[in-house]
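Enquirer: Fit chain X to the known structure of chain R by using the hints.
Protein chains in written order, with our numbering: chain R, 1 to 374; chain X, 375 to 479.
No wet-lab data here; the hints were simulated from the structure. Certain hints may be false.
[Said to hold, decoys possible] What the simulated footprint calls covered on chain X by chain R, stretch by stretch (three residues with Cβ under 8 angstroms from a Cβ of chain R suffice, anywhere in the stretch; the number is not a length):
hint: 1; region: 409-417
hint: 2; region: 445-459
[As the list claims (entries may be wrong)] Using 25 angstroms as the maximum straight-line C-alpha spacing, the simulated DSS-like pairs for lysine-lysine come out as follows:
hint: 3; chain 1: R; residue 1: Lys13; chain 2: R; residue 2: Lys24
hint: 4; chain 1: R; residue 1: Lys24; chain 2: X; residue 2: Lys432
hint: 5; chain 1: X; residue 1: Lys423; chain 2: R; residue 2: Lys24
Here a beta-carbon is modelled for each residue, glycine too, at the ideal position from N, C-alpha and C.
Each chain, letter by letter, is given below.
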Amino acid sequence: MSVAATRGSRMEKWYRRLLALYPKDHRREHAEEMVGVLLAADGDAQARAAKPVAWALRFGQHTADSADLVGGALRIRGRIALNRLKRAHWLSWTVRDQRWSDALAVVSVVAPLLLLVAALTEFRIPRAVASSITGHPHWELTATLGLADLPMAAGAPGVILLVFLRLRRLAGLGALATAIGQVAAGAVPAFAGYADPAVAFTVLLSGTAAVALLLSPGPDRGLALLTRSGTALVGAAALILGGFSVGGDVWFGPGNDGAPTQSDNVGGTVAGLPADLLIAAVLVGVAAACLRAPVSRRVLVLLAIPVIPYAFLWQEKLAVDLFGPPGGGSAIISSSIPLLYLPPLLLASLVLFGTWFARRRAGERDRQVASATA
Amino acid sequence: MQEPTFLILTALAAGAQHGYGIMSDVARISDGRVRLRAGTLYAALDRLKADGLVTGDKEEIVDGRLRRYYRITDEGTAELAAEVGRLRANAAVAASRLGLAGGTA
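Same shape as in the complex, but just chain R:
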């Protein structure tokens, strides 16, 4: 074998090694002709070169071709990746079951609304507004924004704003960030911590809002499904749940002396037992109204996930109203992290498992029908 032939074979091996960087389809289509072109260009360069500079020219050509091959592989792979990214419908997976999809769409309206009400009441804004209107001396804005409040203070209005701007996916990501922010803030011992039912309520509510916004067709569909009476029910539930979620004193007023005390955080002495019954009546009314249709039943299940910790708030207030403030009496069930978070997570898992099982069963049924008709 001549020197040129040996060198040609060596270069061919090298080029083929570099061509391995190309996607398989491209290699199958073009590898042979590319090797031919590379070797032809190499031979052409040698033919043009005068002998003293032939080696340098060949080396330069070889290096430049190698670099160009690598660049070409990167360009093609980059283009394929970009096309895949463009084709992928990021965060727009919708739940296949129409009823769950519709239920999530309704929740994508309700959950951000509840979140906003919870944030407004957390920062006692309704009370401050009422104070400015009535001139009540004890209802001034007492809450100050701390680091732990930032996720809710920025997240809740941000999510609603994005929903209004019809940026569903961004709103979903915003709700997710709000949930994560609250979890992160809860990890700081100085802050309220996870064991607070109000924190559990808003964390789970943000998470539910995120799932609903990201996995459903969105608030437009949800609003189309919500009837006028449905909207009124949601509004009432939002006021009650949001208002009470951060302590009974928000809607029902503080104790008689007006000074914020420990008992104010768990129950208002002004409203007392009637308020407990009103809250329970609204919740039962909303639940009963939701039981009528398959979609609203699913809405009820989805909203139950964040509302479970709220039940602890309610029974704490009930305990105070029935037996007196903590110290004299005590909560019927003391809230703890497992009690606050495990039941909602269990419910969410049941929903996931149930939908997966239903889909599997539907798939099997379809296969049976297909084989029967075949």
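Expert: Leaving out everything else, chain X in the frame of chain R:
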């Protein structure tokens, strides 16, 4: 349109050519200024094929090596003609302004 794309389409506008023929023609058209290499050429051909501006033509074996010819499509011809129109209009404006600048200086 990027210059290599313009030059490849221009090379193919005269008739179907194989890879090495396109490389040589591009060098000739650009008066040696643009020298396409295999990696760049086949990345461009891949994109042009995907965009429907270029398509594969006949294949032949020469000296034991596969040689595939490419030809410009109708869409590619229209795209090249549009680009020529744009370049011509821009060149006319540039020439006219240079002329004005020359006249007033």
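Enquirer: Hints first: check each against the structure and report whether it holds.
Expert: Now the hints, each set against the structure:
1. 409-417: holds (count 7)
2. 445-459: violated (count 0)
3. Lys13/R x Lys24/R: Distance of about 17 angstroms is within 25 angstroms: holds.
4. Lys24/R x Lys432/X: 22 angstroms, holds
5. Lys423/X x Lys24/R: 17 angstroms, holds
In summary, the structure is inconsistent with hint 2 from the numbered list given earlier, while agreeing with all the others.
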